[in-house]
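Trainee: Given the coordinates of chain G, work out where chains U, C and V should sit on it, guided by the hints.
Below are the chains, spelled out letter by letter.
Protein chains: 4
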Amino acid sequence: MSEKVKVAIVGSTGYGGVELIRLLASHPTAEVTSVISSSSAGAPIAEGFPHLSEIRTDLLDDVDPVVIKSKADVVFLATPAGVAAKLAPSLMDAGLKVIDLSGDFRLKSRDSYTEWYKKEAAEQQFIDKAVFGLAEVYGASVKNAEFISNPGCYPTATLLGLVPAVAAGFIDPSTIIIDAKSGVSGAGRGANLGTHYSELNENFKAYKINKHQHIPEIEQVLSDVAGRPVVTTFTTHLVPMTRGIMSTMYATVQGEHTAADFIGLYRQYYEGRKFVRIRPEGTVPSTKEVWGSNYCDIGFAVDERTGRVTIVSVIDNLVKGAAGQAIQNLNLMMGWDETLGLQFVPAYP
Amino acid sequence: MSEKVKVAIVGSTGYGGVELIRLLASHPTAEVTSVISSSSAGAPIAEGFPHLSEIRTDLLDDVDPVVIKSKADVVFLATPAGVAAKLAPSLMDAGLKVIDLSGDFRLKSRDSYTEWYKKEAAEQQFIDKAVFGLAEVYGASVKNAEFISNPGCYPTATLLGLVPAVAAGFIDPSTIIIDAKSGVSGAGRGANLGTHYSELNENFKAYKINKHQHIPEIEQVLSDVAGRPVVTTFTTHLVPMTRGIMSTMYATVQGEHTAADFIGLYRQYYEGRKFVRIRPEGTVPSTKEVWGSNYCDIGFAVDERTGRVTIVSVIDNLVKGAAGQAIQNLNLMMGWDETLGLQFVPAYP
Amino acid sequence: MSEKVKVAIVGSTGYGGVELIRLLASHPTAEVTSVISSSSAGAPIAEGFPHLSEIRTDLLDDVDPVVIKSKADVVFLATPAGVAAKLAPSLMDAGLKVIDLSGDFRLKSRDSYTEWYKKEAAEQQFIDKAVFGLAEVYGASVKNAEFISNPGCYPTATLLGLVPAVAAGFIDPSTIIIDAKSGVSGAGRGANLGTHYSELNENFKAYKINKHQHIPEIEQVLSDVAGRPVVTTFTTHLVPMTRGIMSTMYATVQGEHTAADFIGLYRQYYEGRKFVRIRPEGTVPSTKEVWGSNYCDIGFAVDERTGRVTIVSVIDNLVKGAAGQAIQNLNLMMGWDETLGLQFVPAYP
Amino acid sequence: MSEKVKVAIVGSTGYGGVELIRLLASHPTAEVTSVISSSSAGAPIAEGFPHLSEIRTDLLDDVDPVVIKSKADVVFLATPAGVAAKLAPSLMDAGLKVIDLSGDFRLKSRDSYTEWYKKEAAEQQFIDKAVFGLAEVYGASVKNAEFISNPGCYPTATLLGLVPAVAAGFIDPSTIIIDAKSGVSGAGRGANLGTHYSELNENFKAYKINKHQHIPEIEQVLSDVAGRPVVTTFTTHLVPMTRGIMSTMYATVQGEHTAADFIGLYRQYYEGRKFVRIRPEGTVPSTKEVWGSNYCDIGFAVDERTGRVTIVSVIDNLVKGAAGQAIQNLNLMMGWDETLGLQFVPAYP
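Chains as they are written, first to last, in numbering that gives the first Met the number 0: chain G, 0 to 348; chain U, 0 to 348; chain C, 0 to 348; chain V, 0 to 348.
Just chain G, with the same shape it has in the complex:
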């Protein structure tokens, strides 16, 4: 076999990083040659993640663009907000292709970033270079890109569920309401009262109402697709489970469209895209049906009484919402089939 493309992962001790390691372990044309963590450099990665025992026996590297370039061709950044903004430019300058899983390069407006993230934005020239890696919508731009900004977990489930309907004018964008729910792994591996087992088990809670930093990301894409500014109501909830996101979305139907019409529209829009599965009429997906996989499953119900459509979209937040989608983008960047190394069957039950 020809040589594999070498991949480095910055932020290997977070859930996004460790999921990249899991998925890339069975990738046929890419291999992870460096796992990087500034906080744990020098330690064996399997020490903090015993599930990797005898699978990865290497030590964590420190963050150094020159060293990374000597070991890898492509680098994934699975770092907290604010880190990639500073790190990505030097990695690109070193000649690396970069796929950033954080929110640092998703918003085209620096002001919007500062408003929602409460941090200083990246430099505009690098923001401009970043391609928003929602492959099923912006696939053409992703091909041949050198720098990808990987979408957020909530925006992935939400936008894949809304874009075809907005693009086709099937729904009134001003009426969109998004009620989103996520498993706890979306909050990362940081330990605080908000991720404490006893506080979350047997509990269901709403958080960051009208204040979640994924709101401007969703609105940016919907506005782009609609051709005019779209604002939405977006609420996030925490579900007592580890993985999975569901966006339940509501909008007023424009014109006369049945659930079957929506299904037809979406099947056409996503034709040839293996990772979006449109469910048959009368059924909607649950999160477990995509657990551990790169699928986004979508279902519809139209209510004649109210004139509204309800759209249910589910993903595994760590796969299609993070690491899996990032690998999908790697595949497209490299000119490979987008499903390479990602054809996992969901783990059920």
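Hints listed in this document are in silico derivations from the structure and should not be mistaken for laboratory results. It cannot be assumed that every hint is accurate.
Derived lysine-lysine pairs resembling DSBU-like cross-links, with alpha carbons at most 30 angstroms apart [unchecked claim]:
no.: 1; chain 1: V; residue 1: Lys5; chain 2: G; residue 2: Lys273
no.: 2; chain 1: U; residue 1: Lys3; chain 2: C; residue 2: Lys207
no.: 3; chain 1: G; residue 1: Lys70; chain 2: G; residue 2: Lys117
no.: 4; chain 1: U; residue 1: Lys3; chain 2: C; residue 2: Lys70
no.: 5; chain 1: U; residue 1: Lys5; chain 2: C; residue 2: Lys273
no.: 6; chain 1: C; residue 1: Lys207; chain 2: V; residue 2: Lys96
no.: 7; chain 1: V; residue 1: Lys118; chain 2: V; residue 2: Lys210
no.: 8; chain 1: G; residue 1: Lys273; chain 2: G; residue 2: Lys5
no.: 9; chain 1: C; residue 1: Lys5; chain 2: U; residue 2: Lys273
no.: 10; chain 1: C; residue 1: Lys273; chain 2: U; residue 2: Lys70
no.: 11; chain 1: G; residue 1: Lys5; chain 2: V; residue 2: Lys96
no.: 12; chain 1: C; residue 1: Lys128; chain 2: C; residue 2: Lys142
no.: 13; chain 1: V; residue 1: Lys207; chain 2: V; residue 2: Lys5
no.: 14; chain 1: U; residue 1: Lys85; chain 2: U; residue 2: Lys142
no.: 15; chain 1: G; residue 1: Lys207; chain 2: U; residue 2: Lys207
no.: 16; chain 1: G; residue 1: Lys3; chain 2: V; residue 2: Lys273
no.: 17; chain 1: G; residue 1: Lys68; chain 2: G; residue 2: Lys96
no.: 18; chain 1: U; residue 1: Lys96; chain 2: U; residue 2: Lys68
no.: 19; chain 1: U; residue 1: Lys273; chain 2: C; residue 2: Lys3
no.: 20; chain 1: C; residue 1: Lys207; chain 2: V; residue 2: Lys207
no.: 21; chain 1: U; residue 1: Lys96; chain 2: G; residue 2: Lys273
no.: 22; chain 1: V; residue 1: Lys3; chain 2: G; residue 2: Lys3
no.: 23; chain 1: C; residue 1: Lys142; chain 2: U; residue 2: Lys273
no.: 24; chain 1: V; residue 1: Lys3; chain 2: V; residue 2: Lys207
no.: 25; chain 1: G; residue 1: Lys273; chain 2: V; residue 2: Lys3
no.: 26; chain 1: V; residue 1: Lys70; chain 2: G; residue 2: Lys273
no.: 27; chain 1: V; residue 1: Lys142; chain 2: C; residue 2: Lys273
no.: 28; chain 1: G; residue 1: Lys107; chain 2: G; residue 2: Lys3
no.: 29; chain 1: V; residue 1: Lys5; chain 2: V; residue 2: Lys96
no.: 30; chain 1: V; residue 1: Lys273; chain 2: G; residue 2: Lys70
no.: 31; chain 1: U; residue 1: Lys273; chain 2: G; residue 2: Lys207
no.: 32; chain 1: V; residue 1: Lys3; chain 2: V; residue 2: Lys118
The calculated label-pair distances, taken between Cβ atoms and stated as ranges, are [what the hints assert, rightly or not]:
no.: 33; chain 1: U; residue 1: Ala80; chain 2: C; residue 2: Gly168; range: 32 to 38 angstroms
no.: 34; chain 1: V; residue 1: Gly187; chain 2: U; residue 2: Pro279; range: 34 to 40 angstroms
no.: 35; chain 1: G; residue 1: Asp127; chain 2: U; residue 2: Thr257; range: 36 to 42 angstroms
no.: 36; chain 1: G; residue 1: Ser140; chain 2: C; residue 2: Ala80; range: 56 to 62 angstroms
no.: 37; chain 1: U; residue 1: Gly187; chain 2: G; residue 2: Lys3; range: 51 to 57 angstroms
no.: 38; chain 1: G; residue 1: Gly263; chain 2: V; residue 2: Asp63; range: 37 to 43 angstroms
no.: 39; chain 1: V; residue 1: Asp63; chain 2: U; residue 2: Val65; range: 57 to 63 angstroms
no.: 40; chain 1: U; residue 1: Gly187; chain 2: C; residue 2: Glu280; range: 47 to 53 angstroms
Ideal Cβ positions, reconstructed from N, Cα and C, are used throughout, including at glycine.
Mentor: What follows is chains U, C and V alone, placed relative to chain G:
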């Protein structure tokens, strides 16, 4: 102490019945004198519910209005849909006060019942006698009532969260969207694939979209309060937990009202009603904060960008959503303080 | 009604403290007059525990023996290991009765404390004063005591399951193996990777094998009961649930004893003690059957093939394993019925 | 690529069958050509398992040895106890290789089968033909076998944790006590009160004490390895999680052996066997660290105070405890590397 009021429970082997037993065990002026189950009559109740060992050592009685009347003054019906419709009349004829926890007497229209429940409706004369036991809204009618129809779990959380705003005209009723989530105990103790642990654990699912039998119950009350027909969008989801309901509700604000205005309005509406707690601005409740108690906690967020209010209302579905509210209604029927025997502090964590 | 006994709780922002508040809220002859937390003094307790909204509206007090004495007659210490060792003496000096829920006064040997807790032990004279509050075994000493050391959660479940058999010589103490399992709330409210939801959910893990600080506590009592030194094998595991402990215990039967013999022995030993329930032959309890209550339920199986008995003992770690047992001890100290304010029916499901 | 080996799965609508489908979907040299279910024949498999949407679009076949032979070379039986006993002979007669995941051919003694399974045993001649597929112990027999009896889930975790120590005389076999815990998927997909979500969530329970049908299977192998009859104490518990088994095992150490000695012994015994990972001293594995993978991870603690060793062994019950081990056996039967198609990294978290 003067003699306690005697209470019988039909359906003592379901979750609603067994929760009535738990709560009434510490009621100061009522006592359970007969636990009844047609399917398990003759067996010790603690056999199927070992948590009741040495607490209740009696055998389950069969359903017989004359025998019940000889043992009790009031009877709770915690039976599946369709049973109370046939049973309640004979119990009332026998001179018993009746509190029905099922949906059989909630809808004033027999056609509506048949449409949503797919069963034959109760006789109109008994439907007409039934007082809808949402005490914080219809408290005056509950006092001195002989026959109470206890509200459904979803309607309780939803209506307590919406009624004051609809009554005051703070929101446009035609824009109401209700995204509701429930723990699994709401599905009852029946064993099927839909209640199988491995199917629900680490899973989040939507069900009965636009088809849930609680929709007409919610709309009946909202229409009554609004003074004109209200239709709503209502979606139910199953959360991997046992107890708890959250209704996340959306509506367009009419006029200029801030979250503080909503808080003020609701505090005024529910003044003196101990079981509704309105959260301070900037916070919303989670389900665990009412676990095991009769509280309904409500919080608000108003988004100036969209002109919409988000209302979060939580209850324990087995307490305020079923057995607790039924006892609250008993208290009111008997002329007692509505909080008697119900002042449980939520179990946290 | 005559005046209630006034109670203060030090450590009110931990799970033990907040459970004391929950249980004491319905105690007929005691009332909580001061909730104390050195770390959060001055803040409303309901701010950190919204489930207490409108139930407790007072502010957290700071730790000051003189002030506590001015407000209370009895003080509960629900503090981390090492705190009570220093604090309890000054509280006793101030004339308060003290019930310590920590491990600081459980071990009679200061060396043993230092070896297992890795901290400096309390003064010997105060250790000597402390009565070990396992009421079903040492009830006579608890009555009239001024200073109680409340047993640990694991020792409570374990000792109630072993003491009668050891005392009667039904089992060989040298063969005892204890396989214990606990819900996560036993680890307290501190946030770290060991209490992170995503690390514990859908996970079962063993920890502190042969090193748990409850080992010497268990052995101290078993040795006392056996009249000779007993060492045991004791393993602790973490279960993905919030509350509940099960100790599954193994020992070689001495003489010919059937499960029925064990049941008879235990029923006799615990006669009149309401909080221990011995299950009928052929059944063993599960943790949910005591959830939220002060019960300890015990069941037996004897295997003729191996000559061993298997004893299963369950408690709610926050009630019988902590706050509930502490209140039971308060009741006995005050000369009241030990069940006062503790007759909760377990919450099921 | 050369043609793949064709595989049929009987019992495709149970958890074992559907896990075989998941794992075989990425097998490089085998492919599933027929999914079979007598109860659902004719229906699309994705109808009952929507996670397979667009992955498997075929219909379920009925059970017919001749038809199976026309479609496949090897057949997996993932059927309830009692079915394979009758079905396997006809499949072998039809010329198929058979791997049975049920308990029907594990016990060499028909009397023992009848005693523990309460069913009629298979014919002795077929029992004699069956090779017990615990590859790390009986690997030589598995190679070239035509008929494999795949070990039970509990025996797999337990035996891999005990065999080397028993074989080397490190422990006294008469002292072995096995405290085993399993996720709920081990109980299968049948819906009953014992698998009801609300009964199991936030609950930990013991079951079938001294009566589990895996006891004779464990003892048969231990007796074989020890060269003399071994009886054990074996207790099973249900953990509120879907996947994972932990066996915590206790035995008296024979001679002077430290934890390091055990580690050395096991590493030597399992040298070259990729699916057994021995943990370094001072650490033991948790179930999540093997979730979704074919690994069995084992750790040790030796207590000088008691002279006992504690051995902790974990597997994913549906993978190494069922479908994964079955595929490992397929690989060995076919003369392939035993890891083919099984090198999944555990899904963490």
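Trainee: Hint compliance check: list the failing hint numbers for this structure, sorted ascending.
Mentor: The structure breaks hints 2, 3, 4, 6, 11, 13, 21, 23, 24, 27, 28, 32, 33, 34, 40; every other hint is satisfied.
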